[in-house]
Amino acid sequence: MPTSVPALSLEGVSVSYGHVRAVTDVSFTAHPGRVVALLGPNGAGKSTLLRAICNQATKVSGRVTLFGADISTTRTHRITHRGVALVPEGRRVIAPLTVQENLQVAAGGARRLEPRDRTAAIERVYHLFPPLQRLRDRPSALLSGGEQQMVAIGRALVARPDVLLLDEPSMGLAPVMVETIYGFLKEHGATLGETAVVLAEQNRSALAVADEVVVLSRGRVVHAGPASSLPEDVLTEAYLGSATPEPPVPASSGAN
71 MPTSVPALSL
81 EGVSVSYGHV
91 RAVTDVSFTA
101 HPGRVVALLG
111 PNGAGKSTLL
121 RAICNQATKV
131 SGRVTLFGAD
141 ISTTRTHRIT
151 HRGVALVPEG
161 RRVIAPLTVQ
171 ENLQVAAGGA
181 RRLEPRDRTA
191 AIERVYHLFP
201 PLQRLRDRPS
211 ALLSGGEQQM
221 VAIGRALVAR
231 PDVLLLDEPS
241 MGLAPVMVET
251 IYGFLKEHGA
261 TLGETAVVLA
271 EQNRSALAVA
281 DEVVVLSRGR
291 VVHAGPASSL
301 PEDVLTEAYL
311 GSATPEPPVP
321 ASSGAN
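Residue 84 in the numbering used here is what sits at position 14 of the sequence shown, and the numbering runs on without skipping anything.
Please note that a few of the clues may not be correct.
Stated by the list, open to error - Subject to a maximum C-alpha distance of 25 Å in a straight line, what follows is the list of computed SDA-like cross-link-like pairs (lysine to any residue): (1) 256 - 215; (2) 256 - 296; (3) 256 - 75; (4) 256 - 142; (5) 256 - 237; (6) 256 - 241; (7) 256 - 230; (8) 256 - 242; (9) 256 - 204; (10) 256 - 244; (11) 256 - 295; (12) 256 - 133.
No lab work stands behind these hints: they were computed from the structure.
For clarity, every value in this text was computed on a predicted model and none was experimentally measured.
Whole structure, please, built from the sequences with the hints as guidance.
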């Protein structure tokens, strides 16, 4: 069951790009040890929302808190140091480096990690993703897309974050690799311990690993609740409705 204090909380967050409102009045919470799926079609505002949490996108209103402390105006690098890790879309790894070297670089830059704990943190990643163990000396450029995604997630996990933000981790992957990534989230939830996971996805199969779900459409929340009781018509309308999008909300209007 969720603890009383959420690891991450968004209250009425709105984000604009220039004069176009991308996200409007979004609120949700993520508790330690739980997975929240942000579902919605392309352009629904999922990636923008994750960027806003890390202060990489300009919030025009709303509040973001980490264990009750307001981080709405905190700089991105300080948010990272306080325990929020973002794995962006695109499987970002240091291509010339081996798997082991990628993890070592991530461990070396993790201020929350004592030097003596770095080796154990890297071995923990290999425990979570067994396929990486046999690939530890292979250059990341030679890995498959799914293997690179494991490395990208592993780089974030090395720092032992309190909040893990995953942006479209299944994008462009073969179905078997999607199952592997989702299998990690489902089977190793206990291993993640107190880490809260926010998973932004177009892929509906994310529901299989989520505890809670927030459905976005045109930058707004159209449903929020337990993943196990999500009405199918809500999800269908959110996805099919994107074929004829409404005009963007002007940022100056203040509409919520």
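Here's how the hints hold up against the structure:
In summary, the hint linking residue 256 to residue 215 is supported, as the alpha carbons are separated by about 20 Å, within the 25 Å threshold. For the given pair, residue 256 sits about 16 Å from residue 296 by alpha-carbon distance, which is consistent with the 25 Å threshold. At most 25 Å may separate the alpha-carbon atoms for a hinted pair to count; residue 256 and residue 75 meet this at roughly 23 Å. Note on residue 256 and residue 142: the hinted pairing is violated, with a Cα-Cα distance of about 30 Å set against a maximum of 25 Å.
Simply put, residue 256 and residue 237 have alpha-carbon atoms about 17 Å apart, close enough for the 25 Å limit, and the pair holds. A threshold of 25 Å between alpha carbons decides the hint, and for residue 256 with residue 241 the separation of about 18 Å falls inside it, so the pair holds. With a C-alpha separation of about 18 Å, the suggested pair residue 256 and residue 230 falls inside the 25 Å cut-off, and the hint holds. For the hint pairing residue 256 with residue 242, the CA-to-CA distance comes to about 20 Å; that is within 25 Å, so the pair holds.
At roughly 22 Å between alpha-carbon atoms, residue 256 and residue 204 fall within 25 Å of each other, so this suggested pair holds. Between residue 256 and residue 244, the direct Cα distance comes to roughly 18 Å. Compliance with the 25 Å bound is thereby established for this hinted pair. For the hint linking residue 256 to residue 295, the alpha-carbon distance of about 19 Å falls within 25 Å, and the restraint holds. A distance of roughly 30 Å separates the Cα atoms of residue 256 and residue 133; the hinted pair therefore is violated under the 25 Å criterion.
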